[in-house]
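Enquirer: Chain A is fixed; fit chain B with the ligands onto it per the hints.
Below are the chains, spelled out letter by letter.
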Amino acid sequence: MISGDGEGGSVEMETETTAAASAAVSATATAAATATATAAATTTAPDALLTVEHLSIRFGGLLAVDDLSFSALPGEITAIIGPNGAGKTTVFNCLTGFYSPDVGRLLMRHSDGAEVYLERLESDQIARRGRLARTFQNVRLFPRMTVLENLLVAQHAELMRGSLYTVGGLFSLPSYRRAQQAAVEKACRYLNLVGLLSRADEEAGALAHGAQRRLEIARALCSDPVLLCLDEPAAGLNPSESKTLRHFLRRICEEEGLAILLIEHDMGVVMGISDHIVVLDYGRKISEGTPEEVAGDPRVIAAYLGEEDADDGSTSSTAATA
Amino acid sequence: MTQDLRAILIELGITGLIAAALVFPLITLRTIDSFEGLTINARWLPSVLAVALVVLGRFGLILLRYERSAIALAGGAAAMLAAAYAWSSDLPLSKLFEVFLFAGGLFLFARAAIQWLVIARGVERARIDTARADAALALRRAIPLAAAVVVVFVAFLPWLPFSSIYMLDVGILILTYVLLGWGLNIIVGYAGLLDLGYVAFYAVGAYAYAIFAVNFGLSFWWCLPLAGLLAGISGLILGFPVLRLRGDYFAIVTLGFGEIVRLVLINWSAVTRGPDGISSIPRPSLFGVAEFNKRATGDLPLFHEMLGIPFSPEHRIIFLYYLVFTLSALVAIFTLRIRTLPIGRAWEALREDDIASASLGLNRTRIKLVAFGISAAWGGFAGAFFATRQGFISPESFTFIESAIVLSIVVLGGMGSLVGIAIAAALLIGLPEVFRELSEFRMVAYGGGLVLIMVWRPRGLLSFREPSVRLFDRRGRMRFAAEGYAVGDSPLAAPAPTTATATAMTAAPAAPATGGGAVGEGSVVRQKPTGSKG
Ligand SMILES: Nc1ncnc2c1ncn2[C@@H]1O[C@H](COP(=O)(O)OP(=O)(O)O)[C@@H](O)[C@H]1O
Ligand SMILES: [Mg+2]
Chain A
1 MISGDGEGGS VEMETETTAA ASAAVSATAT AAATATATAA ATTTAPDALL
51 TVEHLSIRFG GLLAVDDLSF SALPGEITAI IGPNGAGKTT VFNCLTGFYS
101 PDVGRLLMRH SDGAEVYLER LESDQIARRG RLARTFQNVR LFPRMTVLEN
151 LLVAQHAELM RGSLYTVGGL FSLPSYRRAQ QAAVEKACRY LNLVGLLSRA
201 DEEAGALAHG AQRRLEIARA LCSDPVLLCL DEPAAGLNPS ESKTLRHFLR
251 RICEEEGLAI LLIEHDMGVV MGISDHIVVL DYGRKISEGT PEEVAGDPRV
301 IAAYLGEEDA DDGSTSSTAA TA
Chain B
323 MTQDLRAILI ELGITGLIAA ALVFPLITLR TIDSFEGLTI NARWLPSVLA
373 VALVVLGRFG LILLRYERSA IALAGGAAAM LAAAYAWSSD LPLSKLFEVF
423 LFAGGLFLFA RAAIQWLVIA RGVERARIDT ARADAALALR RAIPLAAAVV
473 VVFVAFLPWL PFSSIYMLDV GILILTYVLL GWGLNIIVGY AGLLDLGYVA
523 FYAVGAYAYA IFAVNFGLSF WWCLPLAGLL AGISGLILGF PVLRLRGDYF
573 AIVTLGFGEI VRLVLINWSA VTRGPDGISS IPRPSLFGVA EFNKRATGDL
623 PLFHEMLGIP FSPEHRIIFL YYLVFTLSAL VAIFTLRIRT LPIGRAWEAL
673 REDDIASASL GLNRTRIKLV AFGISAAWGG FAGAFFATRQ GFISPESFTF
723 IESAIVLSIV VLGGMGSLVG IAIAAALLIG LPEVFRELSE FRMVAYGGGL
773 VLIMVWRPRG LLSFREPSVR LFDRRGRMRF AAEGYAVGDS PLAAPAPTTA
823 TATAMTAAPA APATGGGAVG EGSVVRQKPT GSKG
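Heads up: the sequence lines are chains A and B, in that order.
According to my numbering, the stretch in the first sequence is residues 1 to 322, in order.
According to my numbering, the stretch in the second sequence is residues 323 to 856, in order.
So here's chain A without its partners, still in its complex pose (with noise of 0.2 Å):
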C-alpha cells in the first residue's frame, strides 16, 4: 500500500553523517553563531513573500535545522544549497507541513495583505491557504494516471467546486463542463510550456525521468502558486536538459510572477539564475548574499570544497580529546 514516509528514506541512508554532524557542529559552534547573528540582521525585509525565523527541527538527538532564518522576495528565485545531509529537504518539509518545527516562524505575506503561518496548517492546507507548491527530490507524480489527469488533481479544489461538490459532476450540469473546461486549458497551457503537451494522454510513469522532472513542476504550477519549491530540480537530467530547465526557471519566474525557492546541486544552475542564496552546513546557516558574495565566501569554501577534510578533521579531533 502507500507509505508516506518515503522521504524518510534517504534518513537510513544518511545515518552514517549523523555522528560527524553532532560533532561538528559542537566544533564550529562559534563560527556558525557569529554567522546567525549577521544574517539575522539581514533577513527580516519588510516586503519579503516568505519570511523564516529561527526555524529548528530536531530528529532525536539530531539538530536536523538549527535557528534558520532566511526571506523570499516575489519574483526571486532564492537558492538554498549546501552539502548533502544539510537539512535542506527538512526545510522544504516544515514549509509544506510533513514536519511540524520545534521551534520557528515561518509566515507567508501575500500581496493582498493576507498573512499566513504556515506551521499552523496542515500539509493539505498549505497548498490553498498559503499558495505554496513544491516539487520533491525523488519525483513523486500518480504514475498510473495519465499526464493531463496530473494536471487536473492539482486544480481539485477548482474542479470540486465546479461539480457541485460531485452532485452537479453527476448529472453533468453546465457549471461542471465550464470548471473542466477551464481546468483542461490550464492544464494545456502548463503543459505547453514545458514540452508535454502532444503527450498529455501517456500514463506519467512512463515517461522519460527528465519530462516526468518538468510534468512535476508544471502540475505544481497548476495548482497556483505564488511560491513553488524546487527540489533539486536538475537531479538526474543531462547538461542541455539541465540547461534549458535553467532558462524555463528564469523565465517562469518574470512571466508568472512567481517566487521561487529553489534547492540544488548543480552549481551551474544555482550560480546562473539565483538572486540569492542562502548556504546551509549541519543546519545552520553559515553564509547567504548574491552568487558573488557567496562564491568568495571562505566559509563556503570550507564546507563544499574542504568538505571531506573539514569533516576528517574535526571528528578526528573529537575523538582525540574523548
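Keep in mind that the hints were calculated from the coordinates and are not lab data.
Fair warning: this is a prediction, and the values are worked out from it, not measured in the lab.
Yeah, the Cβ is synthetic: ideal placement off N, Cα and C, and Gly gets one too.
Mixed in with the good hints there might be a few duds.
To be verified - If you want the footprint, here are the derived chain B segments under chain A, 3+ residues with CB under 8 Å: (1) 653-664; (2) 684-693; (3) 786-797.
Expert: For chain B with the ligands alone, coordinates are given in the frame of chain A:
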C-alpha cells in the same frame, strides 16, 4: 539432454515427491460417513494418476527447456486428446482430473508451439511480442462491445428458451456478488485501501432492511434506500477512526471492525434476535402494486390473478433477477461516472501517492471518507437485496469468508476494472455452482486461481486503466477546443519551423516528445553572471 539425465531424473523425483505430499492429504484420504462412524477410505488410483500427471507435466516443461518443442507439442496434444476421450467415455475418473489434464495439455501445447515458431521457423521473438501486444490492444478495444453484448444477454436471460429457475438463481447469486465487488472496488480499486471488513456493511444493510421491514412494516421500496443510507452512515462512522491508518494497519483494523459488527449482531439480541436471526422477512412486492404469493397475505392483489395467468414461483424469481440487475446497472453507471469526476481522480491520486496529493491540497481524510461512505452504501444495497431474497438472515451469513470472497473477486478481476470484476464474480461464484463436483474444492480453486493470476496477471484479469479524461480523440485531434492556453512558444520544446504551440496542437498523442531541445532564439533569458565556483 542425455548427459543431464541424472539431473533430470532427480528433478522429476523431487517433483513427484512434492506432488505426492500434497496429493496424499488432499485426494488419497477420504472420510466416509458409514454406520460405524467416520472412517477413512484410501483412494489409491486417483492419487497415483494425479502424481503421474504432475510428473509428466514437469517433464514437458523440461523438454521445453531443452528446446525439444516437437515432442512437447505432441505430448500436449496427446494430453488434450486423452482428456477429451476420458470426458466422453465413462472411465472411472473424476471430471476434475480430466479438466486438469486438458488444461495442462493446452498449456504445454501453447508454450511448445510458441517455442517451435521461434526456433524452427525463425520467427523473431520481437514479432511474437508485437503480435501479443496487438492482440491485447484488440482485446482492449473489443471490451466495450463485448460488455454490451453480455449486458444485453443478461437482460434478456429470463426470456431465452433455455433459461430455467436454476439458471436465474445462479444469475441472481452472481449479480449479488458483482454488486458487492463493484461496491468494494471503490475502496480497494480506486482509493487503494485494503478493506478486509467489507462484510460489515453488507450485514448492516441486510439487518437494517430486515428490522425496518419486520418491526415497522415498511415496504421494500422504503427499506432499500434506508438500508443503503444506514450502511453508508456506518461506513462514515467506522471510516473516521481507521482512515488515519496506513497499509497493513488499516487492513487489520477493518478486519477487526468486520468481526465487531458480527459480534454485535450475535449479542444485541433485543434488536437483532441474536444467533437465531430474523426470519419471515417480507419479500418485495411489484412496486407496491401486487405481490408474488400464491395466496394473498396482505391487502395487495396477487400478481398472477392480476394478469389472469396461473401462479408460478418463477414470477418472483424473475422479478428478483431484474431487481438485482437494475441495482447493479445503477452502481455501474454511478461508478463509471464518478470515476471521471474530480473526486474519483482524487481517490486514484491518493492511491498513487498520498504525500504528493497532500502537497497539492487534497484533504486525504475527507476524500477517503467519501469513498468509504459510498462503498458502504452499495454494500448496504446488496445486503438489503440479500435479506429480501433469502427471507431469513442470521449472523452466520456475515462471516469473514464473505469479505474474503468479495475481495478476491476485486483483486482477481483487476482492481478498478468493472468488467474484470464482473468476469471474476462469474468465475468464482458461477463455476462452483455449475460444476457441483468442483465445489468441494472451492477453496483450493480459489487459492489456485489467485496463485495463477498472481503469476500471469499480477494486476488482475483486466488490469489496464482507461483515463478519466482524454485530451486527444482517436484521430489525434484535441477534444477540448482550447484557446486560452496558447501563449508563446514552449521554452522547453525544440525550436520548430512553425511555433511550438501549433505543432503540439496538431501532433498525435503518440508522437514523440519535442522536449529537451535548445531554447528558441526569441525567448528572452536574463543570464546571471556565473560565480567562480561551479
Ligand atoms: N524524518 C526524519 N527522521 C530522522 N532524521 C531525519 C528525518 N528527515 C531528515 N532527517 C535527517 O536530517 C538531516 C537533513 O536531511 P535532509 O534535509 O534530507 O538533507 P538534504 O540537505 O540533503 O536535503 C539528515 O541527517 C537526515 O538524516
Ligand atoms: Mg535533500
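Enquirer: It remains to establish, for every hint, whether it holds in the given structure.
Expert: How the hints compare with the structure:
no. : hint    : verdict
1   : 653-664 : holds (count 5)
2   : 684-693 : holds (count 4)
3   : 786-797 : holds (count 7)
Of the numbered hints given earlier, the model fails none.
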